[in-house]
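Here the sequence shown is numbered in my numbering, starting from 407 and rising by one per residue.
Do not take every clue at face value.
[Claimed, not checked] Heads up, simulated BS3-like pairs for lysine-lysine below, C-alpha to C-alpha not over 25 Å straight-line: (1) 538 with 456; (2) 456 with 555; (3) 917 with 807; (4) 1022 with 917; (5) 807 with 846; (6) 708 with 753.
It should be emphasised that the hints constitute simulated quantities derived from the structure, not laboratory data.
Being a predicted model, the structure only gives us computed values, none of them experimental.
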Amino acid sequence: MDSQLRILMVEDVPEDAELIERELRSGGLDFITICVDVKEAFLTALEEFKPDLVIADYAMPSFNGMEALQLALEHDDTLPVVIVTGSMYEDIAVECMKLDAADYVIKEHLTRLPFAIRRALDRRKAQQTQKKATEALQAAEERFSTIYKVNPMAMSLISLSENRFVDVNDRWQDLFGYSLVDVIGNKVNEIPIYMHAHSEDAFCEHLCGSKMLDREFEFKTKSGEEITVLSSVKLLELRGEKYCLNVMDDITQQRRLQKELMRLERLESVGLLAGGIAHDFNNILTVILGYISLARNCSDDKDVIANSMREVEIATRQAVALTHQLLTFAKGGTPIKKTLSIIELIKESAKFTLHGSNIGCNFSIADDLMAVDVDYDQISQVLNNLVINALQAMPLGGTLKIMAENYCINEASALPLIEGDYIRVTVQDTGEGIPPEVCKNIFDPYFTTKSTGSGLGLTTSHSIINQHNGYIEVESQVGQGTTFTIYLPASKLAVENTVCSNQNVITGSGKVLVMDDEESVRRVVVEMLSFLGYDFELACNGVEAISLYSQAVASGKTYDAVILDLTVRGSMGGKETIKELMSINPQVRAIVSSGYSEDAVLSDFQSYGFKGLVAKPYRLEELAKVLHRVIFEESA
């Protein structure tokens, strides 16, 4: 716009037009004008003259101010139009204001016209500013909407007050296979994308987090495909309501490639491990065979037999521990979690490993130490590994300090853990320490500085703690010692009694169906069941088990419990069998058994319909305890 104000005047009386111009100059306005009195000239002036303001006479013979007002606003809805009228009627004023005139002035009071023009121009400036802001906001919203819609990351907007999906983008729909109609308005727990019940709880907890913290989750798509995503959240407040923006990156392929790479690396390294493993197992087997032969040749001496059998059991459990360590490292070993206090576990692990050594041990354990959801054997293995590491670091003797306390992870924490309550276990030695260049590789597979070591211990410990959604770290100074610190999520559940008691074996009665493809396993289970007072029938695979169970139900003499081996070579295993048995009898009391600890069924067996679990190898006391609970306590 020029420095002068451009005014388009609609007036058919030249004297009135001159009078208006004189009043404008008297009011201090600098302007140029064009005066028209017909519609065609008015429209041409709007296009060519490009006025900043229109002053229109209300009443003219062929073209009046109200027509000019309508045409001006159609041309530019922010162009101010001031109506000049010779008569003061309220209905004229109302009509002008309804049609969005900037103002109206009586010809008898033209001294008010400069003020009306300045106010109209200020209003136009404000309207133009607001219009630009609105257009900018709309453009930003369109850009965001486009970015959100076509973003290569799966994104969803969730209302936190009701935990409902408000929106999901195209990538989210492609990833999970659900449409907007399937999702919008439903609660987060109403879309069946979760692999397990605990996954749903963990994801809902993740959505309410207060910081962008990446977490991995395993979901299933509408077609049943299992996917792995890296999820992060950001809390937002829009128009007074709180929302969660959830962003997911599909890392399924990366994880598959990583697993395949690790598998290849293990295959390449198995030759390095074979010698040490064979050595350890041969030592254990030597103990077992030696004591068995001693017991066989001293069959008349009950004390020798009893002592030999105790030694055989100890050696066998050492073999079991070695097998568990290899499985945990090789395949991940999904934890079979129970809620327990690990105070006694900490003390027993340290005392057992340090027995007969020249190492002293000081405990500092909080009396109110919170319970945790852990796999007893795996956490015992971690503690044993850390104590052994400390023992080897102090060949000339020293002191080991083990501390356990409650610990809270908050938003300010630098640890890669979600917020919440944890227990922190610290194992601190006074040994020779670890150089920095060694310390950074200490959890790597096969990394060891010991001539007799395999490099499995700390790697396995790291894997176990990760499987428990915890964290392990190490600090060390050469000549001063090493400190390992473990963080484990605290449990909100009541403590379970997980450790086998030293009381008499629990006997019982009833009929048990045992399905296992190994004849040697069936033989020993038969001996155990007979000793405990149970009747039994045997099946080699799931097909036989289903047939026997169906016959029993038809005869009205169903089994009190069923023990199903999870994996059967070349035939139906326990996972498929339990589905068929539940279709025959939804109340079937089934116990799952397996030697493969990495199977997901073992860590969440209730979700698959099982009432109990016995992980191979198991002792008589463990079998007796599970049978008694499933048959007598579950049915109570």
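Given pair status - residue 807, residue 917, alpha carbons within 25 Å:
violated, 51 Å
Between residue 807 and residue 846, is the straight-line Cα distance small enough, at 25 Å or below?
holds, 23 Å
Is it true that the CA of residue 1022 sits at most 25 Å from the CA of residue 917?
holds, 21 Å
Satisfaction of hint between residue 753 and residue 708, Cα-Cα up to 25 Å
violated, 33 Å
Straight-line alpha-carbon gap residue 538 to residue 456, limit 25 Å
holds, 19 Å
So if I understand the rule, the pair passes when the alpha-carbon distance is 25 Å or less; does residue 456 with residue 555 pass?
Cα-Cα ~41 Å, so violated.
In this structure, the hints that do not hold are numbers 2, 3 and 6, in rising order.
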